[in-house]
Amino acid sequence: MAVTALSAAESKRLSPRLRKLEDERWLAMALLAPTAILLGLFIAYPFFEGVLLSLSSARVGDPGHFVGLKNFHKIWDDSIFRTTVWNTFWYTGVTTVFKLALGLWLAILLNRHFKGKAIIRAFILLPFIIPTVLSTFAWKWMFDPTFSVINWSLFQLGLITTRINWLGDPDLAMTSIIIINIWRGVPFFAITLLAGLQTISPELHEAAAIDGARPWARFWHVTWPLLMPVTLVVVLFSVIQTFADFQLVYVMTGGGPANATHLFATYAYQLGIGTGLLSEGAAISLAMFPFLFVIVVVQLLYIRRVETR
Amino acid sequence: MAKTKRRSVLKLAGGAAAASMGGMAAILASGRMPAFAQQRTVHWLKWVDFVPATDTLLKREMMPEAEKALGVKMNLETVNGNDLQPRITAGIQSGAGADLIMSFNSYTHLYANSVVDVSAIAEEVGKREGGILPYAKAICSNGKVYMGMPWAVIGGMIAYRKSWLDEVGVTKFPDTWDGYREAAKKLKAKGRPFGQTLGHTFGDAPGFTYPYLWSWGGKEVDASGKVVLNSKETLESIKFMQGLWKDGMDEGGLAWDDTNNNRAFLSQTISATLNGASIYIETLRKPDQYKTEKGLPMNKDIQHAPLPKGPAGQFGFHLLQSNMLMKYSKNQDAAKEFLKWIHTEANYRKFFESQKGFATPCTAKWESDKLWDVDPVMAPFKVAARLGQAIGNAGPPDAKAQEVLSKYIITDMYAKAVQGMPAEDAMKWAEAELKKVYV
Numbered sequence: 001m002a003v004t005a006l007s008a009a010e011s012k013r014l015s016p017r018l019r020k021l022e023d024e025r026w027l028a029m030a031l032l033a034p035t036a037i038l039l040g041l042f043i044a045y046p047f048f049e050g051v052l053l054s055l056s057s058a059r060v061g062d063p064g065h066f067v068g069l070k071n072f073h074k075i076w077d078d079s080i081f082r083t084t085v086w087n088t089f090w091y092t093g094v095t096t097v098f099k100l101a102l103g104l105w106l107a108i109l110l111n112r113h114f115k116g117k118a119i120i121r122a123f124i125l126l127p128f129i130i131p132t133v134l135s136t137f138a139w140k141w142m143f144d145p146t147f148s149v150i151n152w153s154l155f156q157l158g159l160i161t162t163r164i165n166w167l168g169d170p171d172l173a174m175t176s177i178i179i180i181n182i183w184r185g186v187p188f189f190a191i192t193l194l195a196g197l198q199t200i201s202p203e204l205h206e207a208a209a210i211d212g213a214r215p216w217a218r219f220w221h222v223t224w225p226l227l228m229p230v231t232l233v234v235v236l237f238s239v240i241q242t243f244a245d246f247q248l249v250y251v252m253t254g255g256g257p258a259n260a261t262h263l264f265a266t267y268a269y270q271l272g273i274g275t276g277l278l279s280e281g282a283a284i285s286l287a288m289f290p291f292l293f294v295i296v297v298v299q300l301l302y303i304r305r306v307e308t309r
Numbered sequence: 001m002a003k004t005k006r007r008s009v010l011k012l013a014g015g016a017a018a019a020s021m022g023g024m025a026a027i028l029a030s031g032r033m034p035a036f037a038q039q040r041t042v043h044w045l046k047w048v049d050f051v052p053a054t055d056t057l058l059k060r061e062m063m064p065e066a067e068k069a070l071g072v073k074m075n076l077e078t079v080n081g082n083d084l085q086p087r088i089t090a091g092i093q094s095g096a097g098a099d100l101i102m103s104f105n106s107y108t109h110l111y112a113n114s115v116v117d118v119s120a121i122a123e124e125v126g127k128r129e130g131g132i133l134p135y136a137k138a139i140c141s142n143g144k145v146y147m148g149m150p151w152a153v154i155g156g157m158i159a160y161r162k163s164w165l166d167e168v169g170v171t172k173f174p175d176t177w178d179g180y181r182e183a184a185k186k187l188k189a190k191g192r193p194f195g196q197t198l199g200h201t202f203g204d205a206p207g208f209t210y211p212y213l214w215s216w217g218g219k220e221v222d223a224s225g226k227v228v229l230n231s232k233e234t235l236e237s238i239k240f241m242q243g244l245w246k247d248g249m250d251e252g253g254l255a256w257d258d259t260n261n262n263r264a265f266l267s268q269t270i271s272a273t274l275n276g277a278s279i280y281i282e283t284l285r286k287p288d289q290y291k292t293e294k295g296l297p298m299n300k301d302i303q304h305a306p307l308p309k310g311p312a313g314q315f316g317f318h319l320l321q322s323n324m325l326m327k328y329s330k331n332q333d334a335a336k337e338f339l340k341w342i343h344t345e346a347n348y349r350k351f352f353e354s355q356k357g358f359a360t361p362c363t364a365k366w367e368s369d370k371l372w373d374v375d376p377v378m379a380p381f382k383v384a385a386r387l388g389q390a391i392g393n394a395g396p397p398d399a400k401a402q403e404v405l406s407k408y409i410i411t412d413m414y415a416k417a418v419q420g421m422p423a424e425d426a427m428k429w430a431e432a433e434l435k436k437v438y439v
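Residue numbers (this note's numbering), protein chains in the order written: chain G, 1 to 309; chain P, 1 to 439.
With the rest of the complex left out, here is chain P (with noise of 0.2 Å):
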């Protein structure tokens, strides 16, 4: 048997690849990168969205629309929510990742030494579309650049059980927070109570405790950045969060995060609880599954309201998304193409849509939208934008406030209160906490 040289095996092997695909000698002889390398390529970063069908027309139907309009190649991917900061961090640090990534509330400020202005893009699409609400500019501007492009706001509105409501003789949602913990409490003695989370978690733990202690009056700073939390109105405040968890709410919401009020809601163990509006939309989704004790369509029973009025007012905060072109991007100009190519009215709207009033757009014009007067319930979330208040009251949402939001510290201020610390002390724990950060 002829013997076999390591030699000529590869020969033979190399022989057969530079004959299927021209190998790594045609491709060096020629000079050039491979035409899928030459390509301009934007990479975005966003998240899971909670309306599955946004994704799936931004993967399917927009992505391939843009790289046919700008001759880019698109790469689009999704994450958890949570995983965004990480993910950030990680690209900064090793200046590479994504070249658009999404930012919630103020990472943009967080964020700010590494990301590239796009105040462009954004004032052209402020000019044409009504301007910029003040929410958006104040979380994405920082007075000079735009550190991140308004992209939209998940709004946070109270779900409610309207006939669960209505046999306590509560048939309009309360505007009051004596009113609100009045309807808790006959709620709660039928074994329905109002439920919130308390716990470290993104979104609807600052989402309730942020307005909750705005509306009393109490603020984090005064316009200077002072630490101004001690106060009347914000002990106040805790004091009714003492009465009012014990009277009517689920105790269990000290540990919830962001999907346990869902869940609770979806399964009749709570009547109300402030939320985005994807309880509502997953029982529209499955009508069949979410069913009320009487066996109707739950999705008939549910209704949205604000957050109630305190003696300083109503107030909301709501999730801000913007995309942040980062500095360390090489292919910044075929991004901001992207941008300026998706924030047209055309393309935008179709997002718009598939989101059927779970996102509220950033400028003024698309409250006036036709998609409002679609779905009634829905229709409370079109102000989200307008009437969202930014961390940091009543200083600017910068990075300090940032600082607070991602330590829990206001959340805990109150968790620490219904756990049974006196209200003067878990008051002086925070303010204690924030004036380390504010120095």
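Isolated chain G, as found in the complex (with noise of 0.2 Å):
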């Protein structure tokens, strides 16, 4: 071990305090202090203080009086919220199948030997690159109800007769956002299952093709089990920030038509800041632990599992 290995004459020479770190307890601890400083001050602190404001009647300028449990009793009764979390379950869930199996698809595609290639992968990324703000503008306006491009479309290849009210209808409003959705994170998918496809050697394909086996059998027996780690972690990162979304919505449509597209973020930033409610607002926010920390965990697991078999 490094530590032993020090002569006694260097040890010797050490300062009292640097000597403490010849013990690896101390040396551990002196190493990891940075950043638990670091997520202490930056995560664990406006965690709690969260909690903390969730559990009072703070309001702005109005730092209120512990309430216990009061809020999450409103919020539990709120219709808007219950539409919420419906919002937030079926947006996450409907981007994250088509995320990964177009994003997969891609990813395979992307796998092969072709002209142009490192460009074309960087040009993939571009949806992602684009800060989501910018992105999103332009799609609103490809959705707009008046000069909606997607109308005109197809309104001159003869396909529709009226405008289809994009971002005024609530079904029309919530797939509108599904898509730009899917639309920004399947790059993400695509280039990580990418460098998940390059580490599978090649010779496990060969050597299943020369034992007979289909492409669709390649692909099933070999490619996806060994990229199922990968895949997971993917996924994971992807539910995590599908379902704290809050740029894409608040630019489309705020939350409207009649709450139809509102998810947790924006909503409890309508409440909290909109309104003031702070602590309604953190309540808000916080009712999204649970749900994620469940899938978080459920999935953790399953990553292990995988991992270990």
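Don't read these hints as lab results, they were simulated from the structure.
It is possible that some hints are incorrect.
To be verified - Here chain G is said to cover these stretches of chain P; the calculated rule only asks that three of the stretch's residues, wherever they fall, bring their Cβ under 8 Å from a Cβ of chain G:
(1) 77 to 88
(2) 231 to 244
(3) 262 to 269
Stated by the list, open to error - Not everything, but these chain P residues come out facing chain G in the computed CB check (under 10 Å):
(4) L110
(5) V116
(6) A120
(7) G253
(8) T411
Claimed, not checked - Below, computed lysine-lysine pairings styled on BS3-like, alpha-carbon distance capped at 27 Å:
(9) K226/P <-> K74/G
(10) K188/P <-> K246/P
(11) K74/G <-> K188/P
(12) K137/P <-> K70/G
(13) K330/P <-> K68/P
(14) K286/P <-> K140/G
(15) K330/P <-> K70/G
(16) K246/P <-> K140/G
(17) K436/P <-> K70/G
(18) K140/G <-> K188/P
(19) K74/G <-> K137/P
(20) K309/P <-> K246/P
(21) K286/P <-> K356/P
(22) K137/P <-> K286/P
(23) K435/P <-> K74/G
Every value quoted in this text rests on a predicted model; they were computed, and no experiment measured them.
The C-beta atom is built at its ideal place from N, Cα and C for all residues, glycine as well.
Two chains, two frames, a set of hints: combine them into the complex.
Pasting the structure below:
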């Protein structure tokens, strides 16, 4: 071990404070400290403050007092909140399935050899690189009730005779933001899964092919199982991000029409910032936590199972 | 080669800096703050004006004048109207930010604990200018203190295409909801519907739905704060809206924000919409760009009219702007001096004239100003501040009323109904939501 390898003469020269670090426990703590402080300061402390806020009657400019679980009771009774919960699950579920399917498909295509591979791979990432607010504004124009280029194209092709009310109809508005989220998220899936694909040795495919496995069988019995750990991690990240999405909905619909597209984050913002009810806003944000916690624990357990198999 | 030591480099650099600026050492030795930090500063945060000329005037001329007159440094910052609230919240919670912040509507009641009373200034201006109008007083004052200094009302009127209405035989803009629906129906049949937002947006949506509700006799609460939304009158208004929407309105309006109707009007897809004067002002600014289908300047074909009357009367809900002096401000005296300065008649007039009628002042005297004679198209806006009705009707426009507004409950009641929810259900939903606020 490194510590014991130090000669007696060397350790004599060290100051008493530094000598403490010869003990592995102290060294480990010293090395962990910066990360622990950062996490504590920027994650644990705000989280703790958020919990306190949700248990108080705080409004903007009024620290309020402790009210226990009253805010949670209140939002439980709130029909807009219930709509929000349903919206968030639907939004996250649908987008994740599509992002995974399309991302995997794209990754497999990109894993082949073709001319201009590097450039295409770089371009694929564009939706993910462009700041969300910027690209969402472009989409907003495309779904605009009056000037929608999508409607115009469908009309010119003779597929529709009246305008489609993309953002005005509750179901279509949800569909619209789901489409945008998928568009934005597919590159993340594609590139990460591509990285996973490249770690799979081609020899395995060759061996399977020699044994007579057809492409679908090769994918199902070779690629998919080996890609599973990466896939699960990507899905985990994506679920967390999508569940807590804000910018996209805020820019597109502000949660409308008639709350049909509110997610946890946008509704928390509307109550906390828009109405000044900081405590209720915090309660709504925190209501996200148990759901996400369960999702994350289940996924992490599954990942461990897959990895130790 | 001589070896360059780290210390000698530092000495050299320090010497150069000290020689050019006197350096930190000089500042410390003098025992005084440098001149620029000694000066009092007033940071004023307001919206980006829909009339760009006003912001140019304020920044280029009026702020330097104020600096000279008051001996303070003025820092004027403009942000999108939707971003004011996050900035106010951040300022109050962190105890630092702009000294004066523009408030929309009842933000004044929402942040009442965090602002300084400006009654003295408001009363002085009111006395001098024929009194602060009741609409502005109800929103800016809680009866004891003024939480904001009334600045202006951005009147909302229906902008309409005169020639298009003439074509369907409507020579005067309808002043009843039945007439409004009739005209809209005829125009929608010609592909030129009326347009109105029922989306989640701060200005035009509540600006339409609240006065609409009141004009039918519906009210959010009674004077004691009891929720009275569930009424025959409210139900009538919802049923009428369902028919109106199908018959005469642009159905895309459910998703519009405050800018969509401007664009739809300017691109000639709708014939009338409730709005500030910004549509008309835009056509004045760019007469070559905005032309009618006959090639004439569009500004010659635009007229303004108030929202129609209902069985219970005629109402308007206009964006009222005031300036709040924040409690955390360390420059309260300087900020008060600035408010007094900008509200002197000569200075306020510069602002008022630059708006060309887009903003209506909050005191009685300006209603008879000669500016309203310059352009007859703008004349209907002069009474916006007088005819305005504040939210929370018939109670006060307090924090609870603002909560109902911020949650878009009244707007969503109509939005749900035109999307197919039965009128009774939509009303009951809104009533239940209101009761959660007014507990």
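Hint by hint, here is what the structure shows:
Counting residues of the stretch 77 to 88 of chain P whose C-beta lies closer than 8 Å to any C-beta of chain G gives 3; at least three are required, and the coverage claim holds. Evaluation of the coverage hint for the stretch 231 to 244 of chain P: breached, as 0 residues show C-beta separations to chain G shorter than 8 Å, against a requirement of three. Closer than 8 Å: that is the beta-carbon criterion, and the stretch 262 to 269 of chain P has 4 residues meeting it against chain G, so the requirement of 3 holds. For L110/P, the suggested interface contact is upheld, since its CB lies about 5 Å from the closest CB of chain G, less than 10 Å.
Hint on V116/P is violated. Least Cβ distance to chain G is approximately 12 Å, over the 10 Å limit. Given the 10 Å rule on beta carbons, the hint for A120/P is violated: about 22 Å separates it from the nearest Cβ of chain G. This hint holds: G253/P has a C-beta 7 Å from the nearest C-beta of chain G, less than the 10 Å allowed. Of the supplied interface hints, the one on T411/P holds, with its beta-carbon coming within about 8 Å of a beta-carbon of chain G, less than 10 Å.
For the hint linking K226/P to K74/G, the alpha-carbon distance of about 19 Å falls within 27 Å, and the restraint holds. Proximity of K188/P to K246/P is assessed by CA-CA distance (about 10 Å); at most 27 Å being required, the pair is judged to hold. Restraint check: the Cα-Cα separation between K74/G and K188/P comes to about 44 Å, which exceeds 27 Å; the hinted pair is violated. The suggested pairing of K137/P with K70/G is violated, with an alpha-carbon distance near 35 Å, which exceeds 27 Å.
Taking the CA atoms of K330/P and K68/P, the gap is about 21 Å. The hint holds against a cut of 27 Å. Of the supplied pair hints, the one linking K286/P and K140/G holds, its CA atoms being roughly 25 Å apart against a limit of 27 Å. Taking the CA atoms of K330/P and K70/G, the gap is near 36 Å; set against the 27 Å cutoff, the hint is violated. With a CA separation close to 24 Å, the supplied pair K246/P and K140/G stays within the 27 Å bound.
Only pairs whose Cα atoms come within 27 Å are accepted, and K436/P paired with K70/G is accepted, the gap being roughly 13 Å. Taking the CA atoms of K140/G and K188/P, the gap is near 25 Å; set against the 27 Å cutoff, the hint holds. Using a Cα cut-off of 27 Å, the hinted pair K74/G and K137/P is violated, with the two alpha carbons roughly 33 Å apart. A distance of roughly 20 Å separates the Cα atoms of K309/P and K246/P; the hinted pair therefore holds under the 27 Å criterion.
At most 27 Å may separate the alpha-carbon atoms for a hinted pair to count; K286/P and K356/P meet this at roughly 16 Å. Straight-line distance between C-alpha atoms of K137/P and K286/P comes to about 37 Å, which puts the hinted pair past the 27 Å bound. A distance of roughly 12 Å separates the Cα atoms of K435/P and K74/G; the hinted pair therefore holds under the 27 Å criterion.
Hints 2, 5, 6, 11, 12, 15, 19 and 22, counting from the list given before, are not met by this structure.
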